[in-house]
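As a plain string of letters, each chain reads:
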Amino acid sequence: MEKVLVANRGEIAVRIMKTCREMGLSTVAVYSDADRAALHVSYADEAYRLGPGPATESYLRTDLILEVARRAGADAIHPGYGFLSENATFADACVSAGITFIGPPASAMRTLGSKTKARQAADLSGMPRVPGSVTGLSSVQEAIATASQIGYPVMLKAAAGGGGKGMRAVWSQAELPSAYVGASSEAERSFGSGEVYLEKLIQCPRHIEIQVIADMHGNCLYLGERECSVQRRHQKVIEEAPSAVVGEDLRRRMGEAAVRLALSAGYVNAGTVEFLLDAEQKFYFLEMNTRLQVEHPVTELITGLDLVEMQLHVAMGQKLRLRQDEVQLRGHAIECRIYAEDPGNNFLPSPGKITRLLQPSGPGVREDCGVYEGWNVPLEYDPMLSKLITYGATREAAISRMLRALDDYVIGGIRTNLGLFRRILSDSDFRSANIDTGYLDRLLSQVASDKDGSVPEQIISLAAVILSERREKVKASSAVALASRWKSAGRSEGLRA
Amino acid sequence: MKRWVQFDGRTRCVEIPDDVGNPGHHVCEVDGRVLDVDVSLGQEDVLSLIADGRQYRCILDGDAVIIAGHRYEFAMEDPRSLRGRSGSGDGAAGPRPVKAPMPGRVVRVLVAQGDEVEAMQGVVVIEAMKMQNELKVPKAGRISKVAVAVDATVEAGQVLIIVE
Numbered sequence: 018m019e020k021v022l023v024a025n026r027g028e029i030a031v032r033i034m035k036t037c038r039e040m041g042l043s044t045v046a047v048y049s050d051a052d053r054a055a056l057h058v059s060y061a062d063e064a065y066r067l068g069p070g071p072a073t074e075s076y077l078r079t080d081l082i083l084e085v086a087r088r089a090g091a092d093a094i095h096p097g098y099g100f101l102s103e104n105a106t107f108a109d110a111c112v113s114a115g116i117t118f119i120g121p122p123a124s125a126m127r128t129l130g131s132k133t134k135a136r137q138a139a140d141l142s143g144m145p146r147v148p149g150s151v152t153g154l155s156s157v158q159e160a161i162a163t164a165s166q167i168g169y170p171v172m173l174k175a176a177a178g179g180g181g182k183g184m185r186a187v188w189s190q191a192e193l194p195s196a197y198v199g200a201s202s203e204a205e206r207s208f209g210s211g212e213v214y215l216e217k218l219i220q221c222p223r224h225i226e227i228q229v230i231a232d233m234h235g236n237c238l239y240l241g242e243r244e245c246s247v248q249r250r251h252q253k254v255i256e257e258a259p260s261a262v263v264g265e266d267l268r269r270r271m272g273e274a275a276v277r278l279a280l281s282a283g284y285v286n287a288g289t290v291e292f293l294l295d296a297e298q299k300f301y302f303l304e305m306n307t308r309l310q311v312e313h314p315v316t317e318l319i320t321g322l323d324l325v326e327m328q329l330h331v332a333m334g335q336k337l338r339l340r341q342d343e344v345q346l347r348g349h350a351i352e353c354r355i356y357a358e359d360p361g362n363n364f365l366p367s368p369g370k371i372t373r374l375l376q377p378s379g380p381g382v383r384e385d386c387g388v389y390e391g392w393n394v395p396l397e398y399d400p401m402l403s404k405l406i407t408y409g410a411t412r413e414a415a416i417s418r419m420l421r422a423l424d425d426y427v428i429g430g431i432r433t434n435l436g437l438f439r440r441i442l443s444d445s446d447f448r449s450a451n452i453d454t455g456y457l458d459r460l461l462s463q464v465a466s467d468k469d470g471s472v473p474e475q476i477i478s479l480a481a482v483i484l485s486e487r488r489e490k491v492k493a494s495s496a497v498a499l500a501s502r503w504k505s506a507g508r509s510e511g512l513r514a
Numbered sequence: 010m011k012r013w014v015q016f017d018g019r020t021r022c023v024e025i026p027d028d029v030g031n032p033g034h035h036v037c038e039v040d041g042r043v044l045d046v047d048v049s050l051g052q053e054d055v056l057s058l059i060a061d062g063r064q065y066r067c068i069l070d071g072d073a074v075i076i077a078g079h080r081y082e083f084a085m086e087d088p089r090s091l092r093g094r095s096g097s098g099d100g101a102a103g104p105r106p107v108k109a110p111m112p113g114r115v116v117r118v119l120v121a122q123g124d125e126v127e128a129m130q131g132v133v134v135i136e137a138m139k140m141q142n143e144l145k146v147p148k149a150g151r152i153s154k155v156a157v158a159v160d161a162t163v164e165a166g167q168v169l170i171i172v173e
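Residue numbers (my numbering), protein chains in the order written: chain S, 18 to 514; chain A, 10 to 173.
Calculated directly from the structure, the hints in this document are not laboratory data.
Watch out, some of these pointers could steer you wrong.
The list that follows gives simulated cross-link-like pairs (lysine-lysine, DSSO-like), each with its CA atoms no further than 30 angstroms apart [what the hints assert, rightly or not]:
| id | chain 1 | residue 1 | chain 2 | residue 2 |
| --- | --- | --- | --- | --- |
| 1 | S | K35 | S | K253 |
| 2 | S | K35 | A | K148 |
| 3 | S | K370 | S | K253 |
| 4 | S | K299 | S | K182 |
| 5 | S | K217 | S | K182 |
| 6 | S | K20 | S | K336 |
| 7 | S | K182 | S | K253 |
| 8 | A | K108 | A | K148 |
| 9 | S | K492 | A | K11 |
| 10 | S | K253 | S | K299 |
| 11 | S | K336 | A | K11 |
| 12 | S | K370 | S | K492 |
| 13 | S | K134 | S | K299 |
| 14 | S | K336 | S | K134 |
| 15 | A | K11 | S | K35 |
| 16 | S | K134 | A | K145 |
| 17 | S | K299 | S | K336 |
| 18 | A | K108 | A | K154 |
| 19 | A | K154 | S | K182 |
| 20 | S | K336 | S | K35 |
| 21 | S | K217 | S | K370 |
| 22 | A | K108 | A | K145 |
| 23 | A | K139 | A | K108 |
| 24 | S | K217 | S | K134 |
| 25 | S | K217 | S | K253 |
| 26 | S | K370 | A | K148 |
| 27 | S | K182 | A | K139 |
| 28 | A | K139 | A | K154 |
| 29 | A | K139 | S | K253 |
| 30 | S | K490 | A | K11 |
| 31 | S | K299 | S | K217 |
| 32 | S | K182 | A | K108 |
| 33 | S | K35 | S | K134 |
Please construct the entire structure, taking both the sequences and the accompanying hints into account.
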């Protein structure tokens, strides 16, 4: 392997290219018309246009991406996360074109990518899962029968689902028919498949996931867990590793179950097995993500491993270089997903030009960033700008560090959710790890305390006036300078004539 | 010079010396209270203020100033323009616009000119960053103007629909 095409954009494309460069591999970027000036393009050794802004005409066009790979002579494709990363047809097409797909084989993706098939695989490998159906529901009648068998409340879910689409919580039989139709049609629209299944609604669970990586030689490791219980609309907001409530014994049991599932499906490369953990510390299989996860850096920080490097080695056919007993967890890491959205205004997206970017650094701070000062954040894609990750010897130290890094961080010109993280990280429930998947909704339903910072109002007023006056002056003088340049140009032209 | 600045729902009178842009010590006044400050203007839109030993890094971002990680929105005011501002057409009577709350693309237009609408009825759906938002009319009435079509790109604050 010598040249890797990264079929993605934003922070993950840049992060993958960094490891490629460290390993002496050349990098190929692809971009849409909205992304010609994007960071991932200027970071790559080679870059090729795919098409217009919408993802369906660019980053999701398998034919164009394979054509670029051929033209550039790339021998491998890393799909990142999202876009084509869990598309088995694309993985197959890469293999047919003689290009290494850096991810699992298409067969394993098909087995584990569908949630109903993954539930069947979980049963085969003896993994505990949330009670409910293991095949798609064929009718409302079947849904009603299954629900009364497992008992309300229940959750309807799209088999092809992700990102909270096609999901409905149902609290009684009366609600079931309309919820079934709603979930099914939303699934049809979002994923092209209306298949939905039903499972018991676990109340107030924690979201715990296990990172696994397998090579082509039958070896598979688990690299500890991540806790992602801080969610909004089923989207992760903060992730951390390790979980504050997972001890050594539970970690080993969850890890071994995850490895069994991966091996049973013939899984190769990095993947994540997601679980729900209830108040009695019982865990239930949720689904498997057959790709590198957004939140992989927290695992990297506590294991000292580079997951992308491991992915590349595995894809080259190499054996994993360490044994399970050599995987050691040390310290604590937290990640905040920085989005261009306005928490003060119903989380409305906020695309636009980043007029100022002051990024935090210093001990224990990592930022995986996909933007730069002066860049115009396009409105076509996901609003994630960057991931801020801090590391500390303990959870408390990692939290203090994150609060410091958030104070250092300035993003001007667009609205971001930086303030939301400050609120969560200062909250006593979060600090005592008293969190579950409903935690953030409860926090957001409370009125934020008025005390926003400790700066005296005289200082704020004075700073506002001094800076505004100065901006006016700069505006006026640049207008004068512009006018006088025209004048002097006119004079010199006149002299020449 | 005297300036009026509004934030947190209150207007404050700030008096600064004309040469406040020069680095060093300046005597300023906020609502009649004297403040001895040391001013250092570095990068464009960045200010370091030292008052009584406390240092504040202040960054101008549009209509807000960011200090110690917090964002404070403000508005500069000309006191003469304040007069006669009250009673400007923000009441229930008269035409009311539906404006885009964010830049985006129009996905659906749910009404046509002349349609009768209920208060808070959805009229336009705009999408940005994979998120769709349905915009609603602020009052019941008749749609007097539809200023956008499907697929149009709109700016924040742009008028999309007018209801009368």
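Consistency of the hints with the structure:
Of the pairs offered as hints, the one joining K35/S and K253/S holds, with about 25 angstroms between alpha carbons and a cut-off of 30 angstroms not exceeded. Restraint check: the Cα-Cα separation between K35/S and K148/A comes to about 54 angstroms, which exceeds 30 angstroms; the hinted pair is violated. The straight-line distance between the Cα atoms of K370/S and K253/S is roughly 25 angstroms, inside the 30 angstroms bound, and the hint therefore holds. Taken as a hint, the K299/S and K182/S pair is honoured in the structure, with Cα atoms around 26 angstroms apart against an allowance of 30 angstroms.
Annotation: proposed proximity of K217/S to K182/S holds, straight-line Cα distance about 18 angstroms (limit 30 angstroms). For the hint linking K20/S to K336/S, the alpha-carbon distance of about 21 angstroms falls within 30 angstroms, and the restraint holds. This hinted pair checks out: K182/S and K253/S have alpha carbons roughly 14 angstroms apart, not beyond 30 angstroms. Note on K108/A and K148/A: the hinted pairing holds, with a Cα-Cα distance of about 14 angstroms set against a maximum of 30 angstroms.
For a cut-off of 30 angstroms, the pair hint linking K492/S to K11/A stands: about 20 angstroms separates their Cα positions. With a CA separation close to 21 angstroms, the supplied pair K253/S and K299/S stays within the 30 angstroms bound. A threshold of 30 angstroms between alpha carbons decides the hint, and for K336/S with K11/A the separation of about 73 angstroms lies outside it, so the pair is violated. A distance of roughly 19 angstroms separates the Cα atoms of K370/S and K492/S; the hinted pair therefore holds under the 30 angstroms criterion.
For the given pair, K134/S sits about 22 angstroms from K299/S by alpha-carbon distance, which is consistent with the 30 angstroms threshold. Between K336/S and K134/S the alpha-carbon distance is near 28 angstroms, which keeps this suggested pair within the 30 angstroms criterion. Pair hint K11/A plus K35/S does not hold up; C-alpha atoms about 53 angstroms apart against a cutoff of 30 angstroms. For the hint pairing K134/S with K145/A, the CA-to-CA distance comes to about 42 angstroms; that exceeds 30 angstroms, so the pair is violated.
The straight-line distance between the Cα atoms of K299/S and K336/S is roughly 33 angstroms, outside the 30 angstroms bound, and the hint therefore fails. For the given pair, K108/A sits about 12 angstroms from K154/A by alpha-carbon distance, which is consistent with the 30 angstroms threshold. Taking the CA atoms of K154/A and K182/S, the gap is near 35 angstroms; set against the 30 angstroms cutoff, the hint is violated. With a CA separation close to 22 angstroms, the supplied pair K336/S and K35/S stays within the 30 angstroms bound.
With a CA separation close to 45 angstroms, the supplied pair K217/S and K370/S exceeds the 30 angstroms bound. Between the alpha carbons of K108/A and K145/A the distance comes to roughly 10 angstroms, so the proposed pair stays at or under 30 angstroms and holds. Taken as a hint, the K139/A and K108/A pair is honoured in the structure, with Cα atoms around 20 angstroms apart against an allowance of 30 angstroms. Using a Cα cut-off of 30 angstroms, the hinted pair K217/S and K134/S holds, with the two alpha carbons roughly 17 angstroms apart.
Between the alpha carbons of K217/S and K253/S the distance comes to roughly 21 angstroms, so the proposed pair stays at or under 30 angstroms and holds. At most 30 angstroms may separate the alpha-carbon atoms for a hinted pair to count; K370/S and K148/A exceed this at roughly 33 angstroms. A threshold of 30 angstroms between alpha carbons decides the hint, and for K182/S with K139/A the separation of about 12 angstroms falls inside it, so the pair holds. Restraint check for K139/A and K154/A: satisfied, since their Cα atoms lie roughly 27 angstroms apart, inside the 30 angstroms limit.
Of the supplied pair hints, the one linking K139/A and K253/S holds, its CA atoms being roughly 16 angstroms apart against a limit of 30 angstroms. A C-alpha spacing of about 16 angstroms is found between K490/S and K11/A, which places the hinted pair at or below 30 angstroms, so the restraint holds. Restraint check for K299/S and K217/S: satisfied, since their Cα atoms lie roughly 14 angstroms apart, inside the 30 angstroms limit. For the proposed pair K182/S and K108/A, the alpha carbon gap of about 28 angstroms is at most 30 angstroms, so the pair holds.
With a C-alpha separation of about 35 angstroms, the suggested pairing of K35/S with K134/S is violated against the 30 angstroms cut-off.
Violated hints for the displayed structure, listed by number in ascending order: 2, 11, 15, 16, 17, 19, 21, 26, 33.
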